[in-house]
Amino acid sequence: MSNDNLDDAALEQLARQLGLGTLYDAQPALLRQAYDGGRAMARRLRRPADIADEPGHIFQPDNNV
Amino acid sequence: MSKPGEELAFLSLVEVAARIRTGALSPVVYAQCLLDRIGAHDGRLDSFLRVLSESVLVEAEAAARAVRTGGPLGPLHGVPFGLKDIIDAAGLPTTAHSQILAQQPPKTADAAVTRRLRAAGGILLGKMATHEFALGGPSFDLPWPPARNPWNRERFPGGSSSGSGVAVAAGFLPMALGTDTGGSVRNPATACGIVGMKATYGRVSRHGVTPLSYSLDHVGPMTRTVADNALMLNALAGHDPADPASADVPVPDFTAQLDQGVKGLRLGVIRHFHNRDMIADPVVAAAIEDAVRVLQDLGAGVAEIETEPLATYSTCNRVILVSEAYAIHRRWLAERPGDYSASFLQRVLPGAFLTADDYVDALRLRRQLTAGFNQTIRALDGVIVASSMDPPFVIDDAAEIALKYARQARAPFNLTGNPALSLPIGFDGDGLPLAMQIVGRNFQEAMIYRIAAAYEGATDWHNRHPPL
Numbered sequence: 000m001s002n003d004n005l006d007d008a009a010l011e012q013l014a015r016q017l018g019l020g021t022l023y024d025a026q027p028a029l030l031r032q033a034y035d036g037g038r039a040m041a042r043r044l045r046r047p048a049d050i051a052d053e054p055g056h057i058f059q060p061d062n063n064v
Numbered sequence: 000m001s002k003p004g005e006e007l008a009f010l011s012l013v014e015v016a017a018r019i020r021t022g023a024l025s026p027v028v029y030a031q032c033l034l035d036r037i038g039a040h041d042g043r044l045d046s047f048l049r050v051l052s053e054s055v056l057v058e059a060e061a062a063a064r065a066v067r068t069g070g071p072l073g074p075l076h077g078v079p080f081g082l083k084d085i086i087d088a089a090g091l092p093t094t095a096h097s098q099i100l101a102q103q104p105p106k107t108a109d110a111a112v113t114r115r116l117r118a119a120g121g122i123l124l125g126k127m128a129t130h131e132f133a134l135g136g137p138s139f140d141l142p143w144p145p146a147r148n149p150w151n152r153e154r155f156p157g158g159s160s161s162g163s164g165v166a167v168a169a170g171f172l173p174m175a176l177g178t179d180t181g182g183s184v185r186n187p188a189t190a191c192g193i194v195g196m197k198a199t200y201g202r203v204s205r206h207g208v209t210p211l212s213y214s215l216d217h218v219g220p221m222t223r224t225v226a227d228n229a230l231m232l233n234a235l236a237g238h239d240p241a242d243p244a245s246a247d248v249p250v251p252d253f254t255a256q257l258d259q260g261v262k263g264l265r266l267g268v269i270r271h272f273h274n275r276d277m278i279a280d281p282v283v284a285a286a287i288e289d290a291v292r293v294l295q296d297l298g299a300g301v302a303e304i305e306t307e308p309l310a311t312y313s314t315c316n317r318v319i320l321v322s323e324a325y326a327i328h329r330r331w332l333a334e335r336p337g338d339y340s341a342s343f344l345q346r347v348l349p350g351a352f353l354t355a356d357d358y359v360d361a362l363r364l365r366r367q368l369t370a371g372f373n374q375t376i377r378a379l380d381g382v383i384v385a386s387s388m389d390p391p392f393v394i395d396d397a398a399e400i401a402l403k404y405a406r407q408a409r410a411p412f413n414l415t416g417n418p419a420l421s422l423p424i425g426f427d428g429d430g431l432p433l434a435m436q437i438v439g440r441n442f443q444e445a446m447i448y449r450i451a452a453a454y455e456g457a458t459d460w461h462n463r464h465p466p467l
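Chains as they are written, first to last, in numbering that gives the first Met the number 0: chain L, 0 to 64; chain Y, 0 to 467.
Just so you know, the hints here were simulated from the structure itself, not pulled from any lab data.
The structure presented is a predicted model; accordingly, all values stated were derived computationally and were not measured.
Note that the Cβ used here is the ideal one computed from N, Cα and C, for glycine as well.
Watch out, some of these pointers could steer you wrong.
Unchecked claim - Okay, the calculated beta carbon distance ranges per label pair:
hint	chain 1	residue 1	chain 2	residue 2	range
1	Y	A341	L	A39	11 to 21 angstroms
2	L	D24	Y	V393	31 to 41 angstroms
3	Y	L297	L	Q32	46 to 56 angstroms
4	Y	R265	L	R31	43 to 53 angstroms
5	L	A9	Y	P466	49 to 59 angstroms
6	L	A9	Y	E334	20 to 30 angstroms
7	L	E53	Y	P281	36 to 46 angstroms
8	L	D52	Y	E153	40 to 50 angstroms
Make the full structure from the sequences, and use the hints.
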């Protein structure tokens, strides 16, 4: 997300774009918790600095290992 | 003095299989013993979602006939097993312990692992409780209650393969299957005091298993002893073209090294996971040190090793897991959100707000972590690692669950794909099980079993059973 601090109106709009409007209507606090939790998780992720660092090819175990 | 049927119920899988093959034990008598025990006690433990009390006896009678007539007998001939209810069995629905799938029609085919256990002679006895879709839980707002710890039913039995762990520990089954995406075979194995193996990624087919996270999911055997576990993996392992992650590698006899001991082996111990990165309960840390001393006394060389911080692995695992899980559940989350448990929603919904670059960066980090870990252990035969940082906690205390559920060191090996086994190493002051992990080089499960068997042979934790 380019903006990790969405206000409630922006979060509601995002939730509806994602198809989570029913859930937002019923439990807006749950979506806020999920958003904050997801973005906090992303901030904690250590990100490789070198663009040459490729992902593992997860469906080929011989490469994965 | 043991209660009637208790001695039979707690026979090892190896012993049961041997007695059935020689005709010393009728598979019908054994199956009925387990059914009686389930009927007497599972009402308080809720480990089964479905008990196949009729078909198991019909199949046991057929197994008895095969023994009498000299028919072909597989290594698990006549022995009942349980399936975590995210694993398909022909003729039965797979509910994933969720309202979402509660009304699904019966499956038309077995999962690959179900087929393999049946081919080895195993008899399906029931479908086991799980956390909803192997992620939420313990939950009290689902069509079925959560399984409870047989050592103390007020305590969490571990998850998500809860029912499998409980049933094996309680003497309802000698073997069961679980799945492990962030530690879900090893967690209930740890909390229930049994043996749980997450073999190398690709070693055991996932075809026919409801996915949680494609790149992290593993299927694994859960038993009361190390030899039992190796015997079960013998039946499970092997290449399956229907699973895109299945590894086409040779499958050894996992029981072959069980009696070779650890004299001269080189082991590592990762202490910083539990004494720096995340401070374990002192009783857990002390039990790990005691276990290390046992292995040293048996002749193993043990050296402390360092790897990346636990949180680096855990966060990477979580970003991948919830991203993939959200992708799997996106449609149902939009259309039927009210059919999920609160716990599942809390855990999966952060995946809606992780981005493509978050996911790709996690996969890039995963490769670095995997390469680094395998480099670190390249000259070792095995590595000792904490499993849970705490003894089993209270099952219905939301605050304690929130605090302690994630206090574990299992997720790193879903990320790296390395084989990892949870093994009992004692009990706390309240009589609750404690465990460690033994982690190995890729596709070296036989060596893990060798180390675990040596430890098990020098201790008697596996001979203790929950007082039901």
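Checked hints:
1. For A341 (chain Y) and A39 (chain L), the Cβ-Cβ distance of about 20 angstroms falls inside the hinted range of 11 to 21 angstroms, so the restraint holds.
2. Restraint check, D24 (chain L) to V393 (chain Y): a C-beta distance of roughly 34 angstroms satisfies the suggested window 31 to 41 angstroms.
3. Under the hint 46 to 56 angstroms, the C-beta atoms of L297 (chain Y) and Q32 (chain L), about 49 angstroms apart, fit the expected range.
4. Between R265 (chain Y) and R31 (chain L) the Cβ separation comes to about 50 angstroms, which falls inside the hinted range of 43 to 53 angstroms.
5. At about 56 angstroms, the CB distance of A9 (chain L) to P466 (chain Y) agrees with the hint of 49 to 59 angstroms.
6. In this structure, A9 (chain L) and E334 (chain Y) meet the distance hint of 20 to 30 angstroms, their C-beta atoms being roughly 24 angstroms apart.
7. A beta carbon spacing of about 42 angstroms between E53 (chain L) and P281 (chain Y) agrees with the range 36 to 46 angstroms that was offered as a hint.
8. A beta carbon spacing of about 47 angstroms between D52 (chain L) and E153 (chain Y) agrees with the range 40 to 50 angstroms that was offered as a hint.
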